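Protein chains in written order, with my numbering: chain A, 1 to 274; chain B, 1 to 113.
In short, the hints are calculated from the structure, not lab data.
Misleading hints may appear alongside valid ones.
[Stated by the list, open to error] To give a feel for the contact side, a few chain B residues facing chain A, derived at Cβ under 8 Å:
(1) Thr84
(2) Val85
(3) Ile111
Every value quoted in this text rests on a predicted model; they were computed, and no experiment measured them.
Virtual Cβ for every residue (Gly too), placed ideally from N, Cα, C.
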Amino acid sequence: MCDSCGCGQPGKEPTILKPGEHPHHHTHTHDGVEHSHDHDHDGHHHHTHDHDHRQYRKVEIEQDVLGKNNLLAERNRGYFEAKNILALNLVSSPGSGKTSLLERTIREQGKNLSFFIIEGDQQTMNDANRIKEAGAPVVQVNTGEGCHLDADMVNKAVKKLEVKDGSILMIENVGNLICPAMFDLGESSRVVIMSVTEGEDKPLKYPYMFQTSNLCIINKTDLLPYLDFDLGQAREYAQQVNPKLEFIELSVKTGEGMDQWYDWFKQAATPPQV
Amino acid sequence: MHEFSIAMDIVDIATSYSRKEKANVVKEVEIEVGQLSGVVVEALEFSLEAAVKGTMLENARMNLIFIPGKARCTNCAQEYETDTVYMPCPACQTGAPDIFQGRELRVKSLIID
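Isolated chain B, as found in the complex:
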């Protein structure tokens, strides 16, 4: 369950930025989670609930934004959606996709006062 340590890192990042911005209240943390990031969204949600306890994020809304996986075929340049890191190109059936979207795992923004 690496999601728990990921959740702890998210809490670290969000609290240190909130402090830097001299925030009193954190209303929302926006987190981008790519389909191919290696993180299970439900497990991350569950872990975040526990990880925020006793921090200034305790009452903040955790807004998880799911980003679907997209690849470009290295053979014919066809772009396609994929839910694995190795799905062959549907047009030319060649392997070796270049994943250009879906690996994101980012704290995108904070809504603070």
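Bound-form chain A, shown alone:
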């Protein structure tokens, strides 16, 4: 998987930093594509201009484009399983309240549970600083021009974070309902967050994200009296796309419904009895 997702320009690789760290300005000139042309100039220059005499052949390769990412995601998944880490991939549009949800969760549950956080954004350390303030170890992945996290970024971030056995790893993906849907990170579950200030038909507009998620959190329910948002309709649309999707309605601001969310991930973090 390319590290320079979405850009291909030198110096725009994703950066993975802890709060307080500063990026080193390496002068790599990777552009995400390997340039190891195998010219065999062994003394002779055969400039024979044989364009029209080439013997073309067809090679069937049948390679899944996402195969490399999927393979690495499975490695991550195996690592999480072996270390009894619950890894959640939190996805949503920008502004649905992912970071606030994490802040409140860490403040209220951080005494009893061990949280580790990976923050994904195109730019800035803002979210990582907020999480650090809330009290959990965090690394910020800045994807540069990229629009999603991939399994390789998570792999590197996890190594930097030194996630402890038996902890809960929350991966806050880049705010975007389209691109992150295609990239498995190796998470145990995918959690899609929408808020009542968005349209009820988000699940129909962005079906891939809702289809690949296990839990849908509907946030900002404290605003319902001021809006025309129809909760039943939103759930119906989401279920149309993914009949197995679970729902939790909550307000990060007032705390209403947060217990359901805590119960959900505590349940998910309990290893199955063998």
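Given the coordinates of chain A, assemble chain B onto it according to the supplied hints.
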């Protein structure tokens, strides 16, 4: 625009296979793009143009093959074409389609010398 990183992966796959085959020239890369793969064909074409620059694929033809979405109803087994991942069965109106075609996103073949 995840199509750009998809395009970079396609370039990676095609160049590494071409090298393995000791190719001097890549004439064509055949890519299957399913209607339900989550990739916009036009965006991928555009991204590939930029992604091949400076690689051995620079002059290769990118042959994008569009594969329409097809589903089988999990209730009555009716097969039907669909352009969404959730279109209910037209025969029995039940949801839960089993998509069996259209999710492809594959580098199928290379034409090389």
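Evaluation of the provided hints:
Because the closest C-beta pair between B:Thr84 and chain A is about 6 Å apart, less than 8 Å, the hint holds. With a cut of 8 Å, the hint placing B:Val85 at the interface with chain A holds, because the nearest CB-to-CB distance is about 5 Å. Interface hint at B:Ile111: satisfied, since its Cβ lies 5 Å from the closest Cβ of chain A, which is below the 8 Å cut-off.
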